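Novice: Using the sequences and the accompanying hints, generate a full structural model.
First to last, the sequence lines map onto chains L and H. Here our numbering is used: the first sequence runs in plain steps of one and ends on residue 350. Here our numbering is used: the second sequence runs in plain steps of one and ends on residue 350.
If you are wondering where the hints come from, they were derived from the structure by calculation, not from laboratory data. Keep in mind that this is a model prediction, so the values were computed, not measured. Beta carbons: idealized from backbone N, C-alpha and C, even for Gly. Worth double-checking, as some hints may not be accurate.
[Claimed, not checked] Stretches of chain L that chain H covers, calculated by requiring three or more beta carbons in the stretch to come under 8 Å of a beta carbon on chain H:
hint, segment
1, 72 to 84
2, 132 to 141
3, 160 to 170
4, 297 to 310
2 protein chains.
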Amino acid sequence: MIPTRNTPEVLDRARELVVPALRAAIDRLSPDLRPIAEYHLGWSDATGRPSGGNGGKGVRPALAVLSAEAVGADAAFGVPGGVAVELVHNFSLIHDDVIDEDVERRHRTTVWAQFGIGPAVIVGDALLALALQVVLDACEQNSLRGAPGSKNNSGRATACIVDATAAMIAGQALDMAFESVPSVDIEGCLAMEAGKTGALLGCAASIGAVIAGADGHDVVALDRFGVELGMAFQAVDDLLGIWGDPAMTGKSAWSDLRQHKKTLPVAAALATGSGAAEELAALMSLAQLSDDEVARAATLVEQCGGREVTTSEARFHLDNAVASLNASGLKERARDELIEVAHFVVDRES
Amino acid sequence: MIPTRNTPEVLDRARELVVPALRAAIDRLSPDLRPIAEYHLGWSDATGRPSGGNGGKGVRPALAVLSAEAVGADAAFGVPGGVAVELVHNFSLIHDDVIDEDVERRHRTTVWAQFGIGPAVIVGDALLALALQVVLDACEQNSLRGAPGSKNNSGRATACIVDATAAMIAGQALDMAFESVPSVDIEGCLAMEAGKTGALLGCAASIGAVIAGADGHDVVALDRFGVELGMAFQAVDDLLGIWGDPAMTGKSAWSDLRQHKKTLPVAAALATGSGAAEELAALMSLAQLSDDEVARAATLVEQCGGREVTTSEARFHLDNAVASLNASGLKERARDELIEVAHFVVDRES
Numbered sequence: 001m002i003p004t005r006n007t008p009e010v011l012d013r014a015r016e017l018v019v020p021a022l023r024a025a026i027d028r029l030s031p032d033l034r035p036i037a038e039y040h041l042g043w044s045d046a047t048g049r050p051s052g053g054n055g056g057k058g059v060r061p062a063l064a065v066l067s068a069e070a071v072g073a074d075a076a077f078g079v080p081g082g083v084a085v086e087l088v089h090n091f092s093l094i095h096d097d098v099i100d101e102d103v104e105r106r107h108r109t110t111v112w113a114q115f116g117i118g119p120a121v122i123v124g125d126a127l128l129a130l131a132l133q134v135v136l137d138a139c140e141q142n143s144l145r146g147a148p149g150s151k152n153n154s155g156r157a158t159a160c161i162v163d164a165t166a167a168m169i170a171g172q173a174l175d176m177a178f179e180s181v182p183s184v185d186i187e188g189c190l191a192m193e194a195g196k197t198g199a200l201l202g203c204a205a206s207i208g209a210v211i212a213g214a215d216g217h218d219v220v221a222l223d224r225f226g227v228e229l230g231m232a233f234q235a236v237d238d239l240l241g242i243w244g245d246p247a248m249t250g251k252s253a254w255s256d257l258r259q260h261k262k263t264l265p266v267a268a269a270l271a272t273g274s275g276a277a278e279e280l281a282a283l284m285s286l287a288q289l290s291d292d293e294v295a296r297a298a299t300l301v302e303q304c305g306g307r308e309v310t311t312s313e314a315r316f317h318l319d320n321a322v323a324s325l326n327a328s329g330l331k332e333r334a335r336d337e338l339i340e341v342a343h344f345v346v347d348r349e350s
Numbered sequence: 001m002i003p004t005r006n007t008p009e010v011l012d013r014a015r016e017l018v019v020p021a022l023r024a025a026i027d028r029l030s031p032d033l034r035p036i037a038e039y040h041l042g043w044s045d046a047t048g049r050p051s052g053g054n055g056g057k058g059v060r061p062a063l064a065v066l067s068a069e070a071v072g073a074d075a076a077f078g079v080p081g082g083v084a085v086e087l088v089h090n091f092s093l094i095h096d097d098v099i100d101e102d103v104e105r106r107h108r109t110t111v112w113a114q115f116g117i118g119p120a121v122i123v124g125d126a127l128l129a130l131a132l133q134v135v136l137d138a139c140e141q142n143s144l145r146g147a148p149g150s151k152n153n154s155g156r157a158t159a160c161i162v163d164a165t166a167a168m169i170a171g172q173a174l175d176m177a178f179e180s181v182p183s184v185d186i187e188g189c190l191a192m193e194a195g196k197t198g199a200l201l202g203c204a205a206s207i208g209a210v211i212a213g214a215d216g217h218d219v220v221a222l223d224r225f226g227v228e229l230g231m232a233f234q235a236v237d238d239l240l241g242i243w244g245d246p247a248m249t250g251k252s253a254w255s256d257l258r259q260h261k262k263t264l265p266v267a268a269a270l271a272t273g274s275g276a277a278e279e280l281a282a283l284m285s286l287a288q289l290s291d292d293e294v295a296r297a298a299t300l301v302e303q304c305g306g307r308e309v310t311t312s313e314a315r316f317h318l319d320n321a322v323a324s325l326n327a328s329g330l331k332e333r334a335r336d337e338l339i340e341v342a343h344f345v346v347d348r349e350s
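Specialist: And the structure:
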């Protein structure tokens with residue numbers, strides 16, 4: 001195992017840059033929607049009173065800021081990208097909770113469970129549209145200021161967000177389709193995870209560079225880094241979803257198995273076709289699993305090598321991510337910080 | 001009353017251009033989502049068998065095609081704009097049906113009622129992302145082909161769609177907020193309708209010109225035309241929602257009153273503060289209205305002048321729309337066809 005590391009300094013630095021800009025963006029929402037968005041982001045409680053949440057680990061904003069710095073631009077070019085990616089991410093969380101009928105997220109009642117399905121649908125829609133407005137406005141302002149490389153890049157910056165969003169939606173659709181089939185092969189599982197998680201992290205890790213006017217190899221290397229990191233991120237998520245410490249993750253023990261999620265450890269275990277895999281398949285076909293059954297299922301996934309395959313997968317994509325950066329001509333300091341964030345993501349326990 | 005006119009030829013002409021491109025766009029959706037979108041568009045039944053629907057009157061595609069021709073560009077420049085606007089419109093219909101819990105649209109079961117809330121949410125999201133991809137791809141292709149004025153307009157074309165979408169979402173949020181208040185003033189009602197309907201028609205009537213590289217006064221005039229036409233369109237919708245012929249509209253008689261919708265005729269009637277308005281307010285506060293009560297409410301709306309105000313409003317915005325075009329230097333033939341479409345929209349009976 002890789003030793004647990006300290007939280008990279010860049011996460012705090014990026015949060016301090018991006019959160020005020022995110023708040024300014026949320027202020028543009030109509031007064032009917034803003035309180036719901038602020039609730040979801042943990043900035044207020046359901047009655048609108050301010051609360052202390054800061055909205056997650058801040059990996060995406062850090063990637064966006066570093067992506068600008070990696071091509072020699074000021075961190076400020078990464079800020080609108082970080083805001084946009086956070087908005088898209090939160091749009092997807094709000095809609096996913098509707099789709100999955102999840103009533104709790106980050107130890108709080110989900111938006112649809114708190115405010116109703118209609119408000120959750122519309123506020124998610126609003127966050128997606130807002131994300132694009134933030135990017136378009138930033139590109140226009142950079143262009144008006146005559147920032148270097150800022151001409152004619154609003155299309156590329158928008159495409160970065162839109163293509164990632166479309167891939168994420170396709171991944172979510174695949175995830176939904178998996179619910180109604182008895183088993184999923186490893187390739188299908190990885191394709192789903194590349195869409196659901198990889199695409200938006202690829203965008204996060206390159207959009208600051210695109211907004212700053214970079215092009216070509218640097219942007220490709222950064223996007224590749226983000227996609228690979230997204231795959232590693234998701235593999236770790238899958239591990240934590242089964243073997244994570246409930247006190248750290250805020251989820252019940254073996255929660256993904258309880259919910260019959262066909263994540264990579266399960267897909268890899270079932271693919272072995274062994275006797276243990278058959279026993280696992282039988283358990284996973286039950287409508288509801290007892291505590292004993294879910295513990296047994298977790299043991300079987302591990303016996304079939306599902307945990308090991310997934311740990312290797314996380315390591316493999318982390319290595320690919322780092323290799324992508326080493327092959328490029330990016331600024332050294334930002335590159336080192338990107339690598340630090342990547343290790344943090346893979347070593348995390350929640 | 002304005003006499004009922006024939007269907008403008010441009011509606012068929014634009015449909016023949018836009019529908020194949022719309023089908024090509026829908027083909028890009030993931031296989032999990034495509035059948036649901038095709039069902040919603042009336043192209044197939046719930047089992048995936050082709051059916052004969054062509055998806056509405058085709059006003060938006062016609063506006064998009066004419067907006068390109070109005071600035072002297074080929075109709076082809078309007079086609080991706082028409083596709084994008086249709087996709088955004090259908091995204092909003094699918095989500096609105098979830099939000100309003102409507103089980104029937106265009107004489108068919110709505111998407112969420114047929115496939116479930118999750119699929120309806122995700123397919124709507126996918127259509128919105130696809131709309132932006134269509135516009136971005138078209139701008140990139142035009143730029144690669146060296147089309148005149150095509151450099152650097154992808155940002156403006158995307159902003160056209162995104163800003164209209166954001167305004168539409170804010171209008172829908174306002175509409176939802178109106179459900180929980182006893183009455184709505186006329187200004188609030190018009191602001192909601194400008195968002196819900198005006199913004200996207202403004203986009204439809206200008207995006208072809210933007211994609212073709214036009215700028216300045218022509219685009220402003222076309223956008224203004226569309227926004228005003230949208231307001232007229234919505235006023236007519238409000239009239240049909242109360243006094244439309246059920247055989248033509250496919251809705252029950254006085255359907256908007258049954259659903260307690262606070263449309264312009266109702267808002268205008270209540271604003272008079274007369275005795276009849278008080279009786280109307282009392283009826284509208286009932287949880288459910290009998291047939292006699294809903295008929296009485298319609299009579300009261302008319303007695304209070306709500307029907308007349310709304311008819312005048314439609315006429316007023318139609319005149320504004322036409323005046324906007326007359327003040328501009330647009331191509332005469334396209335301008336005449338835009339005016340023809342505008343009259344068709346206002347004179348329609350369904």
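Novice: Please go over all the hints and tell whether each is borne out by the structure.
Specialist: The hints, checked one at a time:
Evaluation of the coverage hint for the segment 72 to 84 of chain L: breached, as 0 residues show C-beta separations to chain H shorter than 8 Å, against a requirement of three. A count of 5 residues in the segment 132 to 141 of chain L with a Cβ less than 8 Å from any Cβ of chain H is obtained; the coverage claim is therefore met, three being the minimum. Requiring three or more residues with a Cβ within less than 8 Å of a Cβ of chain H, the coverage given for the segment 160 to 170 of chain L holds, as 6 such residues are present. Coverage of a stretch by a chain is defined here by at least three residues with a beta carbon nearer than 8 Å to that chain's beta carbons; for the segment 297 to 310 of chain L and chain H the count is 0, and the condition is violated.
Hint check: violations occur at hints 1 and 4; the rest are consistent with the structure.
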